[in-house]
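K.L.:
Chain by chain, the residues run as shown.
Protein chains: 2
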Amino acid sequence: MLYLIGLGLGGPEDITVRGLQAARSCSKLYFELYTSLLPDGQDLSRLENLVGKAVLPCDRELLENGYEQMLDAAKGENIAVLVIGDPLGATTHCSLYLQAKECNVPVEVIHNASILNAVGCCGLQLYNFGRTVSIVFWTAEYRPESFFDKIEANLKNGLHTLCLLDIKVKERSVENIIKDRKIYEPPQYMLASEAACILMEIVERRRRTGSPTVLQSSTRCVALARIGWQDQRIVCRPLKEMCHVNLGPPVHSMAIVGETHDLEDEMLRMWT
Amino acid sequence: MLYLIGLGLGGPEDITVRGLQAARSCSKLYFELYTSLLPDGQDLSRLENLVGKAVLPCDRELLENGYEQMLDAAKGENIAVLVIGDPLGATTHCSLYLQAKECNVPVEVIHNASILNAVGCCGLQLYNFGRTVSIVFWTAEYRPESFFDKIEANLKNGLHTLCLLDIKVKERSVENIIKDRKIYEPPQYMLASEAACILMEIVERRRRTGSPTVLQSSTRCVALARIGWQDQRIVCRPLKEMCHVNLGPPVHSMAIVGETHDLEDEMLRMWT
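Chains as they are written, first to last, in our numbering: chain A, 96 to 367; chain B, 96 to 367.
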C-alpha cells in the first residue's frame, strides 16, 4: 500500500489520527520538502518521535526519479509519502498517484488542511474567492505578469484572490547546471512584502502606460504568515503599505480583497 | 479558551493529534451538525470514545443563540466546538470567532481538510478552479439560477467549478413555522444526480429561449460522494448522463470540468 499523507500546516501534531496510524504501519516514510518549508531543524525529529520511526527527507529528484523503486516496495509493504498541507494540491503527487494505480499498487490519500482552505481564518469567505494564483520571483530577464491578469479578472468579478508565494528549494545556478555540479542555492521564500512590491510595480507601470488596473495601491490585502503555526500572523493593509510590512520568517501568502460583506469587514478590522 | 476544531471529512480518526489533545483538555464539547452529515448513528459514540468525553450535539439555534453562555463558560475553562471539515468554512463560526474576540475570550482554530481542498483527489488541479458555488433545492416557487451564472463565468475563463450541494437539516415546514411548532422535517441532502438534473433543466430552457450556454449536456462533470470516507466514490460523466448516476448515500458534491491539461485528463479517465 502507498499512503499519501497530508501533514497539515503546523507542527507534527497536525497530522490526523488516521494519518498517524497509517504512518506507524509503514516500513518506509518519505518526507517531501520541496514544495513547502520545514519550520526548523527540530521538526523532523519531533515528527520521528511522534511516529516512532525514521523519516527520510526526499526532494523532487528522488520523488520524480525514484518512483519505480518506491512503487516496487509498496507492492509488498506499506510505504508513505508525507506531504505538508494536503497531498493532492501539487501535480507531483498526482503523477505518483497515477503511476501507483497503473502499477496496481493500492494507494490511499489521507487529507489534511492546506492554505487553500485555511486562508478562511482571515475572515474572507472561501466562497468569495476566485482562481488561486502563484506569484513568482522576478529576475532581470524573467518578469512574468500572468498572475496579475488573473487577479484582475477576479477583482472585476468582485472576488478575492489567494496568492501563493514562490518557494525555491534545491535550485541550481545556471553556471552550476551548465557545469553539471550538484551545488544548490540556499532556499528562497517570497515574503508578502516582496509580493506586494511586485504587484505595485505592475500597477504603476500600467498606469504610466495608460492601462489603469482594477488593483490599486489602496486595495486591501491580507498577508498571512506561518498559518497554522503557533506564531501565525495576519495583517490587513492597503497594497502600497504592504510593501513595507515585516511579518517575520516564511512561509507567507497573501489574499487580495475583492468585494466584501459586513461580516468579512468586521473580521478584517481585527488585522488592521 | 474556546477551540474551534475541524474534524476533517471522514470518521473520528480524521481529527488531528493537536485537535484531539485540545478536545481532551475541554470541559465541554459541542458538535455542530447542521452544515454537514454525521455518517451513521455510531459515529458520535466513536468520537466520544476517541476523545474520552461526552459530546453534546448542537444545532444552529443553540450555536447562534447560546453564544453568551458558551463564551461565559470559555472564560474560565476550555470549551470546544467540533466542526466537520475546516472550522472557518461557514459564516456561523466566523461570527462565533468574532464574538469570542470581542468578549476577550482567547480562541484557537484547529484546521483540517474540507471539500474545498480535498476535491483535488479527483485530479482536477486546485489552481484551475474558479469560484465555488452552492446549488440549492428547487421548490415550486423558488427556482434560483444565480449559481448557474457563476458556473458559466468560470467556464468562460476555462476554470473548473466546485458545486456544493444543498443540505437541509432541522428545517420546518411553512405550516409548522406559522403555527410556531418545533416540528422538523427529515434531513435532505442533494445528490449529484439531482444537481445534474437542475443544471440540465437550465441548459435546456436557455437553449429553447435562444440564450445558449457554455455549459452543455456533454460537459464533463465529476461527482464526488462521501469524500474521505472509507466508501468514497468518484465518477466522471457528461452532464446529461450524470442525471442518472447512482452514487449511493450522501454527502455528495460535484465538479464541473473546465479546460484541462494532460495530467488532469489522465486522472479523470480513472473515473469514467
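Check each hint, because a few of them may be wrong.
Claimed, not checked - Sample of chain B residues facing chain A (criterion: CB under 8 Å; computed from the structure):
id	residue
1	V204
2	G215
3	S268
4	E270
5	I272
What the hints assert, rightly or not - So the derived list for chain B, only partly shown, Cβ under 8 Å to chain A, looks like this:
id	residue
6	L115
7	S190
8	L358
Said to hold, decoys possible - With a Cα cut of at most 16 Å, we get these calculated EDC-like pairs of lysine to aspartate or glutamate:
id	chain 1	residue 1	chain 2	residue 2
9	A	K335	A	E289
10	B	K123	B	E163
11	B	K251	A	D244
12	B	K263	B	E280
13	B	K196	A	D360
14	A	K196	B	E361
15	B	K196	B	D167
16	A	K196	A	E163
17	B	K123	B	E197
18	B	K196	A	E359
19	A	K196	B	E359
20	A	K196	B	D244
21	B	K170	B	E197
22	B	K335	B	E296
23	A	K123	A	E143
24	B	K170	B	E143
25	A	K170	A	E143
26	A	K265	A	E197
27	B	K196	A	E289
28	A	K265	A	E280
29	A	K196	A	D167
30	A	K251	B	E361
Think of the hints as simulated: they come from the structure by calculation, not from any bench. All residues carry an ideal CB built from backbone N, CA and C; glycine is no exception.
K.L.:
Determine for every hint whether it applies to the structure shown.
P.N.:
Okay, the hints, checked on the actual structure:
Because the smallest distance between the Cβ of B:V204 and any Cβ of chain A comes to about 5 Å, under 8 Å, the interface hint for this residue holds. Using the Cβ-Cβ criterion of 8 Å, the hint placing B:G215 at the interface with chain A is satisfied: the shortest such distance is roughly 4 Å. For B:S268, the suggested interface contact is broken, since its CB lies about 28 Å from the closest CB of chain A, more than 8 Å. Annotation: B:E270 was flagged as interfacial toward chain A, and the flag is violated, the nearest CB pair being 32 Å apart, outside 8 Å.
The interface hint given for B:I272 is violated, since its Cβ lies 25 Å from the closest Cβ of chain A, which is over the 8 Å cut-off. A distance limit of 8 Å between C-beta atoms decides the matter here; for B:L115 the minimum to chain A is near 6 Å, and the interface restraint holds. Hint status for B:S190 relative to chain A: holds, with the closest Cβ pair at about 6 Å, below 8 Å. Satisfaction of the interface hint for B:L358 is found here, the shortest Cβ-Cβ separation to chain A being roughly 6 Å, below the 8 Å cut-off.
Straight-line distance between C-alpha atoms of A:K335 and A:E289 comes to about 11 Å, which keeps the hinted pair within the 16 Å bound. A C-alpha spacing of about 15 Å is found between B:K123 and B:E163, which places the hinted pair at or below 16 Å, so the restraint holds. Among the hinted pairs, B:K251 with A:D244 is consistent with the structure: their alpha-carbon atoms are about 15 Å apart, no more than 16 Å. Restraint check for B:K263 and B:E280: satisfied, since their Cα atoms lie roughly 9 Å apart, inside the 16 Å limit.
Distance hint between B:K196 and A:D360 is fulfilled; the C-alpha atoms sit about 15 Å from each other, no more than 16 Å. Proximity of A:K196 to B:E361 is assessed by CA-CA distance (about 11 Å); at most 16 Å being required, the pair is judged to hold. Between B:K196 and B:D167 the alpha-carbon distance is near 12 Å, which keeps this suggested pair within the 16 Å criterion. For the hint linking A:K196 to A:E163, the alpha-carbon distance of about 12 Å falls within 16 Å, and the restraint holds.
The hinted pair formed by B:K123 and B:E197 fails the criterion: a straight-line CA distance of about 21 Å is larger than 16 Å. Note on B:K196 and A:E359: the hinted pairing holds, with a Cα-Cα distance of about 15 Å set against a maximum of 16 Å. At roughly 15 Å between alpha-carbon atoms, A:K196 and B:E359 fall within 16 Å of each other, so this suggested pair holds. With a CA separation close to 36 Å, the supplied pair A:K196 and B:D244 exceeds the 16 Å bound.
Straight-line distance between C-alpha atoms of B:K170 and B:E197 comes to about 12 Å, which keeps the hinted pair within the 16 Å bound. For a cut-off of 16 Å, the pair hint linking B:K335 to B:E296 stands: about 10 Å separates their Cα positions. At most 16 Å may separate the alpha-carbon atoms for a hinted pair to count; A:K123 and A:E143 meet this at roughly 12 Å. Between B:K170 and B:E143, the direct Cα distance comes to roughly 24 Å. Violation of the 16 Å bound is thereby established for this hinted pair.
Proposed proximity of A:K170 and A:E143 is contradicted: the alpha carbons are some 24 Å apart, above 16 Å. Of the supplied pair hints, the one linking A:K265 and A:E197 is violated, its CA atoms being roughly 29 Å apart against a limit of 16 Å. A distance of roughly 30 Å separates the Cα atoms of B:K196 and A:E289; the hinted pair therefore is violated under the 16 Å criterion. With a C-alpha separation of about 6 Å, the suggested pairing of A:K265 with A:E280 holds against the 16 Å cut-off.
Between A:K196 and A:D167 the alpha-carbon distance is near 12 Å, which keeps this suggested pair within the 16 Å criterion. At most 16 Å may separate the alpha-carbon atoms for a hinted pair to count; A:K251 and B:E361 exceed this at roughly 33 Å.
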